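Peer 1: Single-letter residue listing:
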Amino acid sequence: MKNITSVNPWHLGVLQETEYDCFIGTIGYETRAIFFASEYELNASKRIAIGFSHNNVMHYKKNLAWYSDNAFEIHTPKDNEEFKVLANRYLQELLSYTQEHTDRSVLNICIDISSITRYRLATWIEALRKLDTGAISVTVDFVYSRAKFSSPPHESIINRSIGPLPGFAGWASPNLPLTVVVGVGYEPDKALGSVLFLDPADCWAFIPAGHHKNYSDAIESANEQLWEFIDPKKKIFYDVQTPFNNYLKLDAFVYGALKTNRVVLLPFGPKTFVLSCLLLACQNTKVGVWHVKSAKNTEPLDREPNGKVIGLRACIG
Amino acid sequence: MSHANSPSLYEAFNARTLQPHEVAKSFIPSEPFKRLVSKNHTIVVGPRGSGKTTMFKMLQQPALESWDHPEADEYRKRVDYSSVYVGTDINWKLQVDSLVGNDFSENEKNIFSKTSFTTNVLHSLVSAMLHRLSADRTENEIEYRKVVLTSKKESEISKAIASNWCLDLTLPSLLSLKQSLSDRFNKIHILSSIEAHKDSEGRIDRLSEIEFLHLNYLDSVKYAIEVFDDAIDQMGARWALLFDEMELAPEWLKNQLLSSNSLIRSADERILFKLSISLYDKDLEFSNILSPMSKHDFDPIALWYPKHNDGFTFSNTLWKSILDRRNIKYGNPEDVLGSSIFDYSQKGKPGADSIYGKNSAHRRRFEKLQEIDESFVEYLASRDIDLSELDAGSETDRAKKIRKIIAIVAVREAYRNRDKKLRSRRNTDLYCGARTFFAMIESNPRWLIAISNKLLSKELKAGKIPESIQNEEIFNAAIRFMAMLKTIPCTIPEEDEHGENVKSVADLIETIGVFFMKKVILDDFSPEPPSSFVVDSKVSSTVIDLLSKALNVGAIIYVPNQSESILLDDLTGKRFRLCYLLSVIYKLPIRLGRAISLSSILSESKPSQKNEKSPPKVTRSLFDQL
Chain S
558 MKNITSVNPW
568 HLGVLQETEY
578 DCFIGTIGYE
588 TRAIFFASEY
598 ELNASKRIAI
608 GFSHNNVMHY
618 KKNLAWYSDN
628 AFEIHTPKDN
638 EEFKVLANRY
648 LQELLSYTQE
658 HTDRSVLNIC
668 IDISSITRYR
678 LATWIEALRK
688 LDTGAISVTV
698 DFVYSRAKFS
708 SPPHESIINR
718 SIGPLPGFAG
728 WASPNLPLTV
738 VVGVGYEPDK
748 ALGSVLFLDP
758 ADCWAFIPAG
768 HHKNYSDAIE
778 SANEQLWEFI
788 DPKKKIFYDV
798 QTPFNNYLKL
808 DAFVYGALKT
818 NRVVLLPFGP
828 KTFVLSCLLL
838 ACQNTKVGVW
848 HVKSAKNTEP
858 LDREPNGKVI
868 GLRACIG
Chain Z
165 MSHANSPSLY
175 EAFNARTLQP
185 HEVAKSFIPS
195 EPFKRLVSKN
205 HTIVVGPRGS
215 GKTTMFKMLQ
225 QPALESWDHP
235 EADEYRKRVD
245 YSSVYVGTDI
255 NWKLQVDSLV
265 GNDFSENEKN
275 IFSKTSFTTN
285 VLHSLVSAML
295 HRLSADRTEN
305 EIEYRKVVLT
315 SKKESEISKA
325 IASNWCLDLT
335 LPSLLSLKQS
345 LSDRFNKIHI
355 LSSIEAHKDS
365 EGRIDRLSEI
375 EFLHLNYLDS
385 VKYAIEVFDD
395 AIDQMGARWA
405 LLFDEMELAP
415 EWLKNQLLSS
425 NSLIRSADER
435 ILFKLSISLY
445 DKDLEFSNIL
455 SPMSKHDFDP
465 IALWYPKHND
475 GFTFSNTLWK
485 SILDRRNIKY
495 GNPEDVLGSS
505 IFDYSQKGKP
515 GADSIYGKNS
525 AHRRRFEKLQ
535 EIDESFVEYL
545 ASRDIDLSEL
555 DAGSETDRAK
565 KIRKIIAIVA
575 VREAYRNRDK
585 KLRSRRNTDL
595 YCGARTFFAM
605 IESNPRWLIA
615 ISNKLLSKEL
625 KAGKIPESIQ
635 NEEIFNAAIR
645 FMAMLKTIPC
655 TIPEEDEHGE
665 NVKSVADLIE
675 TIGVFFMKKV
685 ILDDFSPEPP
695 SSFVVDSKVS
705 STVIDLLSKA
715 LNVGAIIYVP
725 NQSESILLDD
735 LTGKRFRLCY
745 LLSVIYKLPI
755 RLGRAISLSS
765 ILSESKPSQK
775 NEKSPPKVTR
785 SLFDQL
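Heads up: the sequence lines are chains S and Z, in that order.
One rule links them: number in this note's numbering = place in the first sequence (from 1) + 557.
One rule links them: number in this note's numbering = place in the second sequence (from 1) + 164.
Don't read these hints as lab results, they were simulated from the structure.
Watch out, some of these pointers could steer you wrong.
Said to hold, decoys possible - List time: in silico DSBU-like cross-link candidates among lysine-lysine, alpha-carbon distance up to 30 Å:
id	chain 1	residue 1	chain 2	residue 2
1	Z	622	S	791
2	Z	257	S	792
3	Z	584	Z	770
4	Z	565	Z	532
5	Z	565	S	791
Computed from a predicted model, the values in this text were never measured in an experiment.
In isolation and in its complexed conformation, chain Z is listed as follows (with noise of 0.2 Å):
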């Protein structure tokens, strides 16, 4: 039975499951990635699919060794340590913690909690050990950090570790010690099976008789590429620990590293720690390790845009290359996905002719909506606007006046009718566009590569991707979003003594983006109806888990000011905004608007509010009337 990957959706952009020489073959490199290659501790903050993982095994020596980019050469010679990636996930952390019964103690626990950790660092630096020795190489691999051992060296070092590190060999090699690694996986299940079959009195005076239960991952790791080192000749030469997914680590770990006495503070020069983590951990304190006192600590990397503009030339350098590796030429987004009526750098000219002209698709918008909305006439009265001549007087004036309200304009004409309600629409040329495309997907690679795939895959018009098939391929790549936002687990409590009505993530995003959606639609025209709301201290804790975790898969972005660290200590006082794919659902401009505290935002929503106020919720059969 073949296990081989195959193009489903989902396996086309999933980096945990391909190896660091398949992630080399797609590769772009972008300034993220260049702030990681630096020779310092380092911190990769963002929400799942932002490309942490991806950033992290391109820094392996069997990715960059086999990487074609003009700009390889320059960062082989960058990366002059050698990489450890260090992965785990969800299932991995939840074997550890289910590893021992209830009946152990909390020290009893953090041992095989620390030993599992230990063997799978462990295994990974001989994996990176046995890369560099490795004297296969294919066509397409450089000579890149290998290095030549003799077999008694090898035997010597091997012997040396092991004993260091309580292992028995069956042959004398890096490979043996490898092998003997994965036993001791086993042997850690065995044993606390033993353990848990056994009276806990005693028990922590038995595991104490056992030694390998008490290594120390870093004192190990330091002590064996000492050894390895020097029987290379590359005294003092740099390692790095790659510490993926930080957020699923034991929590004595992020204390260890990322806590007020991180020991990264007091570790080995030769040592350089590189850790992902998602972007809120409640138990953890970043602003502990960004201290501008110390040079030890963290330099922070977001892989996230809280501007919709912010992350274009990075989704374009993606697109481009995808569409390389299809064989389609072009030389702007624009070219296959065509322009976007949200892109806010279009400039009016005056004419016929311009966009604002007398048969440009904004006119029309504005016209129509005057049509239909009397709250939208008393506003352009109010600024003393007059539609026939839109694309009059300076660009200066157009920016105060008229760019400012286009996006409103377009959503509020496209789903506003005679009756100030909801209009259903099919294919509205909204939601496609360059610009918008890449908006929407928030830089995030994952679904870049996956919503491109899909609409690749169908036939170009004209060497065009057709408005109606990013329109179809936006809204279901949205409905797959809200679809996995809905079975997020999350612990409600059985009272709900804010009166807050929120039962999970997805009924705390549907509830933010129904508020938006009448603020743009419904209500009264506004030419700054908020779009982003502050976490303001009425929030329950309850509202601030799911927020969390809602950041965490990125339905919600944080927004910070100038001054904010991008490293989130506490969501209270923060701004945040929906992710613009939701937009597509909730009916909303793609802009960054004001802001309004959640707590006003859930206290209106609230159902036993039967007035005007209350939004309406947004159901599937409105989704299949789109």
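Okay, chain S solo, but in the shape it has when bound (with noise of 0.2 Å):
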């Protein structure tokens, strides 16, 4: 299994740098799932967008015909099962490819996560460090479109099961007390459930922030009852417009909850804390990452693109 080397700071200035192999989309049916795509010029030689056989509302549709139109090669897994394999195989064609045809000695791929599961995130990040690359090593650049505010959910979502993300159960000694990192999002009492689920010795919430107040009154009032659960010292506010900066912070608390505690992280809220949990496990593989399924038909809500992109670059050695 191959290591994170490195997480960097991501711009969109690498864009007219980068020569990438292959550009990973997603068809959901949020607005902003094709609007990275569609507003930059990529240089990207393989284009593969990945939809679902269900919940095709909203821009589904839309954003299937604008990457179909575009000349991305379409795929739709029938589940999980098959979008693994799919990931799995995908990537070792790419590298077959770029072995046999290219003097290459980096591979460079670009994700938009914006309309991503965390299942399928976690899947590609597993796929990556699989991958047999000999001495070519893999660069990752993660992009995700922020969002304009939409209004959460009406009521609370129904969950179907909850528990590590495939690959990410992590490892570490039933005898040490179990804190738990929750980053809360907004869908009401979302993270409580999870964190009674869990039953952890500790608890410490993240906190996203530098965004519209409406998100910061929507998160609050989602989370009215996991405050009472968590020392007001513990909750850490994080900058959702940094997500490098955000990477260090979990990673130095991390580092120190180590020394004495298991490390569970439950990451609710943007995509970008969600990939900074994935990425801090596989650099220290005693840390699960975990995640709540709902049920299929959850109301789905519509995000549009407020305009900004942001990222991380991920060096796999």
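With the hints as a guide, dock the two chains, each given alone in a separate frame, to form the complex.
Peer 2: Here you go:
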């Protein structure tokens, strides 16, 4: 299994300097699913977009049409298992092609995580780490289109399962106390329920800030009951506009916590925080990253892009 | 960065966070604990927060030796065995489950599962041994089960145990043994990772060559305790293995300990098994382990109380200890919490100042209800009850006619209006008072400590916690509990074949709660509206699954009849009620009412029945009005 050798900041200027071997998009129902690919000129040899077999509502068909019209290779796996097979196979083929047809020593990949699911993000990262790249190193730019404020769900979402993302269960002695770090979002009581399910010895909250005031208010309201369980001194705010700084903040926290605790990361909220958790867990195999799977007929929420794109670059050795 | 405990609501009461000596600081012995310490195999059954982990931690030497309580010496004499606490949690369970990939066979998965479990047990055993040897003692610690071991003997036993357990020691000491086991945890992970990258063909042969993967935890424990006890000249001494949260244990372990062929029937006499488990696990048949034929089977201990007064003594004792720590003196819980409407022990006396007299709260409620509720008027007439003479007559008469409907009248008067609709009320005096408070927290130590701390953080008035504060905190606790119920994960089939229209645990509880609320408040007056249910055979397996989740978190309470076991093999045919904490949300009296079949509740609650029998849903806005 390859390691994440470094995590670095990413900015739009990088697009002009980088020749990508592949760009990976997601065909989702959100407006922002195609924002990055449609707004910016991508220098990518291959382009792939992966859709879903369910929840093809709102802007899904429009997004599918856009990707199709712009010569993306389209895939629609029927379930997560099929997605996993697809991801692993695609990366292997990409690597083989690069090795056979180029003399490149670096494989450059760009993944738009704006509309991706947590499961799929974890699967891509796992698949990248498992690639037997030989002397070739892999650089992955994870890009994210920030969204305009949209109202939170009207009612609590029904949860189908809570557990570690595949490949990210972590491993640590059960004799150590468990610390849960929850990245809160604005779905009502979702974080609370997950924390109580895990029943940890200690709990810290990472709270997104630096966005529209409506988000902060919605987060506060959705987690009203959670705050009863968390010491105010254990709330850490992070700026959603600076994913690299957040990664460093989280890294420092986890480094300290691991000295005497097991750590589970529960990232709700922005995908860049989920990404930071996954990258961190790659570097600290004791750390687990959990997710909550909601019911299939959960009320879909559109997210329009606000025009800003942020990202992180990870190097896999 | 400090990760020390701090006084959040949550951390204040989770025993998992506490070391044994910390648990001992505030531990109050109870009847269940008295039974737990016996030299029997024991199985402790209760919902989350009922005190299982706390009691198990108290059985450990570090807790017992630092325990300062009038009964502590007596317990130290009784616990003349060494306890080995083997904890687990959902995170550990899922880490072990995720250790190997899908291309591993069941046999290969079991190998890793067993070796992970064995390593955990052996690590806990060595920790227990180390504590017996420890020369360090604080001023407050009693000399309890400490032994002296020369360096030479420690070296000999460490080497012997290490050899048996296939461990390499850096130094011949028990501490090194423990550290080697910590290292083994890492090795297990590395090994599984290596195997995941290799071809599955030949894997079982490769694994069979690694000795430590095939250790049997019980054989390893037996050997080690024999070597240890021989070295300290205590041959044949007893040890107790405390397996906490068995509902999270791997299937093979549950089968081993809790099946009809339970290995404890043939186990070594030196080893006691003490298990804790939630009330219901659909894969277990508890009746197998309660056979009257075998003296080796488990003594079951229940940590919940079907009837609201049964847990009063324990709750009162714990409450008193909380007050003592805050230097609040009192004689009865009513001194601080006041009396309760739902206190059925109060007896009436003749005269205007009696609890049913002209100026009494009970009389006022009866009279107000009479003004607004025709069906109540009819009921009074049919029973020949004259409100002006409520306090007249004998106590027996009153018991027959009046006391049994006090609770119904109270909630009905509070929440029903003239138009037979729900009335929004702020701050009633219903859900406060000592008896009610203790009933609502279901003698659950976790709830009692958490809510008590919140109540006592506010200012007392004339030595009492005001009713408004009690109402507010109880209501907040109920809302928090409902919020937690809403997020319990559950798998519901896409097709609702039985038409039950229940999508989650919270949905089920809401359906039942609203049904009972309608019966008590909105329907015509009945002296015995239903407020418990029996799971009949028409109920689907989906709903049974939701019920089991509700049961194990304490949202519903099992009400066995006298001949029924406390251990549940099957929910069908069994009686349950909602936990009393939810009464404040569904405006229910604190009493065990008659039972009705669950299928009839679900049937009557279907949204397609758009008639006056369909009960209203309790919405968040309604909560906000309370």
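Peer 1: With reference to the structure, classify each hint as holding or not holding.
Peer 2: To see whether the hints hold, each was checked on the structure:
1. Annotation: proposed proximity of residue 622(Z) to residue 791(S) holds, straight-line Cα distance about 23 Å (limit 30 Å).
2. Proximity of residue 257(Z) to residue 792(S) is assessed by CA-CA distance (about 28 Å); at most 30 Å being required, the pair is judged to hold.
3. A distance of roughly 21 Å separates the Cα atoms of residue 584(Z) and residue 770(Z); the hinted pair therefore holds under the 30 Å criterion.
4. As the CA atoms of residue 565(Z) and residue 532(Z) are separated by approximately 18 Å, the hinted pair is consistent with the 30 Å bound.
5. For the suggested pair residue 565(Z) and residue 791(S), the alpha carbons sit about 56 Å apart, so the restraint of at most 30 Å is broken.
Going down the numbered hints, you'll see the structure goes against just number 5.
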